[in-house]
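So the sequence lines, in the order shown, correspond to chains A and B.
Each residue of the first sequence is one higher than the one before, counting from 1 in my numbering.
Each residue of the second sequence is one higher than the one before, counting from 1 in my numbering.
Possibly wrong hints are sitting among the right ones.
To be verified - Lysine to aspartate or glutamate pairs mimicking DMTMM-like chemistry, simulated, CA-CA at most 20 Å apart:
| no. | chain 1 | residue 1 | chain 2 | residue 2 |
| --- | --- | --- | --- | --- |
| 1 | B | K38 | A | D98 |
| 2 | A | K82 | B | E171 |
| 3 | B | K160 | A | E80 |
| 4 | A | K81 | B | D44 |
| 5 | B | K125 | A | E30 |
| 6 | B | K51 | A | E80 |
| 7 | B | K170 | A | D98 |
| 8 | B | K170 | A | E84 |
| 9 | B | K160 | A | E84 |
| 10 | B | K168 | A | E30 |
| 11 | B | K168 | A | E61 |
| 12 | B | K24 | A | E20 |
| 13 | B | K121 | A | E69 |
| 14 | B | K170 | A | E68 |
| 15 | B | K160 | A | D98 |
| 16 | A | K71 | B | D138 |
| 17 | B | K51 | A | D123 |
| 18 | B | K168 | A | E69 |
| 19 | A | K25 | B | D44 |
| 20 | B | K160 | A | E20 |
| 21 | A | K71 | A | E30 |
No lab work stands behind these hints: they were computed from the structure.
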Amino acid sequence: MEELDLSEKINKRIALIKNEVLSGKINLLELQLNPIFSEIKHSISIYNIENYSQSYRNAVELLNDKFEELKNLLSSLDIEKKFEDFLKTHPNEDQISDLFRGCWRETFLFEPFSLKFLEYASDRYIKERTTNFPIEHLIREETNDQFLLEVPRYKYTEKISAFYDKIKKKLPCFFEDVFDNELDQIEIYEQFVYLLHLLQLGKIKYQKDTNTLYT
Amino acid sequence: MNEISILMYMLSRKKSINQIGATKKEILKSLNVKNKNKSVYFQDLLTGLSKYLEPLGLQINFNSLNSHWFINYDSELAELISANPFEGRPSLSATLLCVLTSCLKNSGRTSIQEIRTLRNKKDVKDDIKILEKEGFLDLDKKTTDIRLTPLIGYKLDLQKLFVRLALKLKE
Chain A
1 MEELDLSEKI
11 NKRIALIKNE
21 VLSGKINLLE
31 LQLNPIFSEI
41 KHSISIYNIE
51 NYSQSYRNAV
61 ELLNDKFEEL
71 KNLLSSLDIE
81 KKFEDFLKTH
91 PNEDQISDLF
101 RGCWRETFLF
111 EPFSLKFLEY
121 ASDRYIKERT
131 TNFPIEHLIR
141 EETNDQFLLE
151 VPRYKYTEKI
161 SAFYDKIKKK
171 LPCFFEDVFD
181 NELDQIEIYE
191 QFVYLLHLLQ
201 LGKIKYQKDT
211 NTLYT
Chain B
1 MNEISILMYM
11 LSRKKSINQI
21 GATKKEILKS
31 LNVKNKNKSV
41 YFQDLLTGLS
51 KYLEPLGLQI
61 NFNSLNSHWF
71 INYDSELAEL
81 ISANPFEGRP
91 SLSATLLCVL
101 TSCLKNSGRT
111 SIQEIRTLRN
121 KKDVKDDIKI
131 LEKEGFLDLD
141 KKTTDIRLTP
151 LIGYKLDLQK
161 LFVRLALKLK
171 E
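Just chain A, same shape as in the assembly (with noise of 0.2 Å):
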C-alpha cells in the first residue's frame, strides 16, 4: 500500500477521455466519472499525496466540464418557451441588450491566407531568386604592367550568348551531348559555368530525372 501509486496512470486516463472528447468519440454525459474519483480515493495516501494533487485536479476539472454539458443540455430543452416566457416579461431594449452581453463572437477572416495569395507569394519567391544575378563586367585599367590573369577580350555576357547560340540547336539533349565535341578541360569546365548562369537565368531549363536539357 505505501508503494502504491497510480496518479500518472489516472492522469493519462483522463488526457486520454480529454482527447476522446474533443474528437467526439464519447459523450461526456454518457460517462461515468466515479470509478476515477473511486481510484484516488482508494490509492492516495501519506506516501503519495504530493503526486495526487494534479490528479485530484484534472479529475475535478473534467466533473466541471461534464456539469457545463449539462448546463447546456438543460438550457436548450425548451428553448422556445423560454424565449417567449422572457418576452412575456416586457423587458425593455436595454435590458434585452444585457441578455445577449458575453454571448457575441468575433469570427476570425484573414483574406491575405487566400488561396490564390499564396499562390502568388510562393511564386514571386521563386521569381525573386532566381533573376537576381547581375553580372558585372570588368573595365581595363590603363597600364604597362603585366599579369597573370588578363581580362578577358570579350564581356561575360558576350561569351554566354555566344555558348548559347551554340548549343541551342542541339536543345533539347542529354546533359552531356552539350560537351560532346569539346576535349580540353578547361574548355568544359568554362562551358559548364555558362551553362549553370543559363540554367539561373532561366534560358534553359534541365529535367533531372530524364537528364535533359531543354528550353
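Knowing the structure of chain A, use the given hints to seat chain B on it.
Frame of chain A, contents of chain B only:
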C-alpha cells in the same frame, strides 16, 4: 503548402456576407481525404490546429445553422475588442431577439407583423432593414416574410445565450 495552411485558409475565408469558413465535406475534398477513417482524421486535424491557435486567443467553432466550421476570437478577446455589433443600438438587439424567438417558434420563418406584435412597437421596419443590410436576416419584399441567415450562428454563442436566458428566468 501543407494541411494546416489549407485548413487556415478554409476556416478563415468569407464566402459571402453570412457564410464564413467551410463544411467538413469541403475541407475533406480540398485535402483529398478519401479513406475510411476520414472523420477521425478530420477531428484530429481540427484538434491539432486548435492547439496551435489557442495561445493566439483563437478557437475553432461550429455553426450548427449551416454546418460550417470557422475560427473566432476567444471570449476574453471578443470582450476586449467589443464584438457586440449593436453597441449603442439596443433597439437592434431587441428586434433581433424577437426575430430569433419568432423563428424558433415558426420553423425558421416569421413576418414583420409578428415582430411588431412581439416588440410591442408600431414601426420595426427600420430595424429590420438594418438587420438585413448587416446580413442577419433575409426579407422577402413581396411577402414580407423574414428568415434568419446563418450569420447569427457565427456572431452569437447561442448555447451561452440559452444558459443566460434560463438563469434570467429563474431570477
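Now for the hints, and whether the structure bears them out:
1. A threshold of 20 Å between alpha carbons decides the hint, and for B/K38 with A/D98 the separation of about 42 Å lies outside it, so the pair is violated.
2. Taking the CA atoms of A/K82 and B/E171, the gap is near 13 Å; set against the 20 Å cutoff, the hint holds.
3. Only pairs whose Cα atoms come within 20 Å are accepted, and B/K160 paired with A/E80 is accepted, the gap being roughly 15 Å.
4. Between A/K81 and B/D44 the CA atoms are separated by roughly 38 Å; this puts the pair beyond 20 Å, and the hint is violated.
5. Taken as a hint, the B/K125 and A/E30 pair is broken in the structure, with Cα atoms around 47 Å apart against an allowance of 20 Å.
6. For the given pair, B/K51 sits about 35 Å from A/E80 by alpha-carbon distance, which is inconsistent with the 20 Å threshold.
7. Distance check on the hinted pair: B/K170 and A/D98 sit about 16 Å apart at the alpha-carbon level, within 20 Å; holds.
8. Using a Cα cut-off of 20 Å, the hinted pair B/K170 and A/E84 holds, with the two alpha carbons roughly 14 Å apart.
9. For the given pair, B/K160 sits about 17 Å from A/E84 by alpha-carbon distance, which is consistent with the 20 Å threshold.
10. Using a Cα cut-off of 20 Å, the hinted pair B/K168 and A/E30 is violated, with the two alpha carbons roughly 28 Å apart.
11. With a CA separation close to 26 Å, the supplied pair B/K168 and A/E61 exceeds the 20 Å bound.
12. Simply put, B/K24 and A/E20 have alpha-carbon atoms about 19 Å apart, close enough for the 20 Å limit, and the pair holds.
13. For the hint linking B/K121 to A/E69, the alpha-carbon distance of about 37 Å lies beyond 20 Å, and the restraint is violated.
14. At roughly 18 Å between alpha-carbon atoms, B/K170 and A/E68 fall within 20 Å of each other, so this suggested pair holds.
15. For the proposed pair B/K160 and A/D98, the alpha carbon gap of about 13 Å is at most 20 Å, so the pair holds.
16. Distance check on the hinted pair: A/K71 and B/D138 sit about 32 Å apart at the alpha-carbon level, beyond 20 Å; violated.
17. Taking the CA atoms of B/K51 and A/D123, the gap is about 30 Å. The hint is violated against a cut of 20 Å.
18. For the suggested pair B/K168 and A/E69, the alpha carbons sit about 19 Å apart, so the restraint of at most 20 Å is met.
19. Restraint check: the Cα-Cα separation between A/K25 and B/D44 comes to about 11 Å, which is no more than 20 Å; the hinted pair holds.
20. Simply put, B/K160 and A/E20 have alpha-carbon atoms about 23 Å apart, too far for the 20 Å limit, and the pair is violated.
21. This hinted pair checks out: A/K71 and A/E30 have alpha carbons roughly 14 Å apart, not beyond 20 Å.
Hint compliance for this structure: hints 1, 4, 5, 6, 10, 11, 13, 16, 17 and 20 are broken, all remaining hints hold.
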